[in-house]
Amino acid sequence: MEKLFDVAIIGAGPGGYVAAIRCGELGLDTVCIDDWKDEQDQPRLGGTCLNVGCIPSKALLESSEHYERAALHLGEHGIQVGSVDLDLPTMMARKEKIVQTLNQGIGQLFKKNQVAWLQGRARFAAANGSWTLEVESNGNPEPVSARHVIIATGSRPAELPFLPFDGGRVVDNVGALAFDAVPKRLGVVGAGVVALELGSVWRRLGSRVTVIEPHSFLHHADEQVAREALRQFKAQGLDIHADTTATGGKATKKQVTLTLKNASGERDEAFDKVLVAIGRRPNSENLGAEKVGLQVDARGFIPVDELCRTNLPNVWAVGDVVRGPMLAHKASDEGIMVAERIAGQATRVNYAAIPNVIYTHPEIAWVGETEQALKAAGREYRKASYPFAANGRALAAAEGAGFVKLLADARTDRLLGVHIIGPKASELISEAVVALEFSASSEDLARIVHAHPTLSEALRDAAMMLLSR
Amino acid sequence: MLVEIKVPALSESVSEATLLSWHKTAGEYVRRDENLIDLETDKVVLELPAPHAGKLAKIVMGDGATVKAGDVIALLDTDAKDEAIEEAPAKAAAVAAVEKPALSPAARKLAEEQGVQPEEVAGSGRGGRVTKEDVAARLEARPAAIEVRAVDMTPLLGERPEQRVPMTRLRQRVAERLVQAQSTAAILTTFNEVNMQPVMDLRAKYKDRFEKEHGVKLGFMSFFVKAAVKALKQFPIVNASVDGNDIVYHGYYDIGIAVGTERGLVVPILRNADQLSFAEIEAGIAEFGRKARDGKLTIEELSGGTFTLSNGGVFGSMLSTPILNPPQSAILGMHKTTERPVAENGQVVIRPMMYLALSYDHRIIDGREAVLSLVAIKEALEDPARLLLEV
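First to last, the sequence lines map onto chains A and B. Here this note's numbering is used: the first sequence runs in plain steps of one and ends on residue 469. Here this note's numbering is used: the second sequence runs in plain steps of one and ends on residue 1391.
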């Protein structure tokens, strides 16, 4: 008889591979199916996050920040370096090596936890008490049966209808992580995480970067943070056009022309490359959903409840292919929850305490409610902001821009939201997430000893400000 | 004053319940409406809230006891006042009212797994926060409750494990009713097959507009409910039931929809299905699915019914003989739609085919009515326009 797995996982991104490893740890007989291949046609674990997302972009952000610092800012420390030259191939090779190291790391964790790894594309084939998937690689379909299926197929970049990706001048995140030369004029459509991070990378390396955002700038972040970010990025030379829509475009051999429309009218602007980062679409096609009656909504998302259960028994879905923010850590935690639920545990994901991070300079990070959301909900709150310009450690590091902002319930003092723009905001936010998870009050933060001098004192000082009011 | 805590009226069809686990011990103070105990009937699990604030003076019936409606299971002393409970609201109003006890993430998980109510744990953390340690301490203090957890039968290599688990009341009742049906009715099954192409085409054509218009997906179940109601109208005996030496004809069409859940099979009832639109049927079934999954179906929703649809097709069943759901006299078994070669006008063609099975009580339904009613269902599905025109 053909083998029956306890769990089959479709996708090996941060939702799928984390779920697979957790299933393995829990003693479940697990198979993870993934069809990601690199340019050399080699299978690669880790999905978008590891291969063309979170990790390689962080590598380039770090490198480009060093480059900019060396070129512009070492002087103020009294360090003269003469001329600074960019060696882009080396920078790219370093990025690639980091990705490969982590690719192999996942493979080793699969081995250690006895997770079977199948390369190919999986689709539902039949339901017969358990679930049968058909895994196709190189044209040979192979059946895989499992009691539980976790769909973790992720998402892909959305295209502009009038300007499809061409892999050359009009690119998505994949292309913008691998330019072979610094484009002179880079147009970025969208102003989300991908747009701002990769826009920052190429600006630091010498591109003139224009960001086009149809809404107000960073509209999902706290408004005060968004205003500060806009000020900082503009000062750095990012040319940001909010409330501007790209209504048309044309790519030729030499350049890409975008038609931009805002309140004052319409005009054309030419670029050498255009990064389209207007959001991502869930990967739910070719899953055989119709075959087994798996629900997929009109936008392609798979409807699930708060425990990631789909409409089918023992079929779960996690990550970008379901509701909620498209974040790697959200996918991973959903993956862990589902693995532990399959093993009979009562794990939950606290969707109210998922941190958001944008790795620009300064970094932006937040968790919980924004001030405008609290206002709209008619909730009574108190707030305090503490500037990094008053934080010793930040000043010593020449990182005095930005602030920490706390929002707390006016009656109970329970923390409702924490917003940080400033140095290492991505790291500082974890303290706020822990605080929210433990239902902390702002006074709790004020009454916990923080080391001095540290950036984290800014959180504590913001809490002290709230306390003294 | 001592107030008797009684088992509430369950429902006409439910006579007994099992006390699952007391959330309070004798001598403990309770707030009004605080859940005292969970009762499991053969259909649902009910919570029994405290009718008044007071002290739980005595527990008359312990965990696991079988009780009837009206049985006294505990005594509540409404004169006893707990200072902590009395004073707490006043204090809370002055300082800060916390909506729910604050739990750490690990404490929350442990409490949920072990069925500990956060309210019953005294928090030792900063600001009275309930920690993992607090939940663990509460668990140790609690008398061993009946284990009703899912069984993990993943065998370790080389082991031949065996585990004896008492049937839940729901399972017992299902077992009892199935055996009763088998031993009293003269069950016979007639089969037919239906070409699903017309329904599939109609659904493919309108499913987007249907969803937009009605906010619910157009599935196949609404077609089957409609087709079944049409057949039942044509052959009223199939919608009837036996009561002693009488046949009771029902002038209404309450269709049971069998739903598999983690706790066992439940059959919520779609009332007056003849008066429901396709959208109302789909919405009703979707709602049942959600409620069944969350264990939120009420006794009312699970009682009665004049005919049942059982869809083994979702699990891949090709053919089966469903057992009656007494006192109903017939049940329709749906199965998996599979592409099969069939002969049509002298040609072999591929069609999406489903086998249908109608089990019926031969005591009151003759083969003729049974077969013809199944044919009527088949014909309505193969030409759905008939559902509209009622021909």
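No lab work stands behind these hints, which were simulated from the structure alone. Please read these numbers as outputs of a predicted model, since none were measured by experiment. Mixed in with the good hints, there may be bad ones.
To spell it out: a stretch of chain B is covered by chain A in this simulated footprint if at least three of its residues, at any positions, have a beta carbon under 8 angstroms from a beta carbon of chain A; those stretches are [claimed, not checked]:
#1 1119 to 1130
#2 1160 to 1170
#3 1313 to 1319
No farther apart than 27 angstroms at their CA atoms in a straight line, the calculated lysine-lysine pairs in the DSS-like style are these [to be verified]:
#4 B:Lys1291 x A:Lys3
#5 A:Lys291 x B:Lys1024
#6 A:Lys95 x A:Lys3
#7 B:Lys1205 x A:Lys291
#8 B:Lys1291 x A:Lys291
#9 A:Lys291 x B:Lys1207
#10 B:Lys1336 x A:Lys291
#11 A:Lys291 x B:Lys1055
#12 B:Lys1233 x A:Lys291
#13 A:Lys424 x A:Lys95
Every beta carbon over 10 angstroms from chain B, so not counted as near; a handful from chain A, in silico [to be verified]:
#14 Leu72
#15 His77
#16 Glu136
#17 His241
#18 Asn356
#19 Lys375
In this text, a Cβ means the ideal position worked out from N, Cα and C, and glycines have one as well.
Item checked: Hints not upheld, ascending by number -> 2, 4, 5, 6, 11, 12
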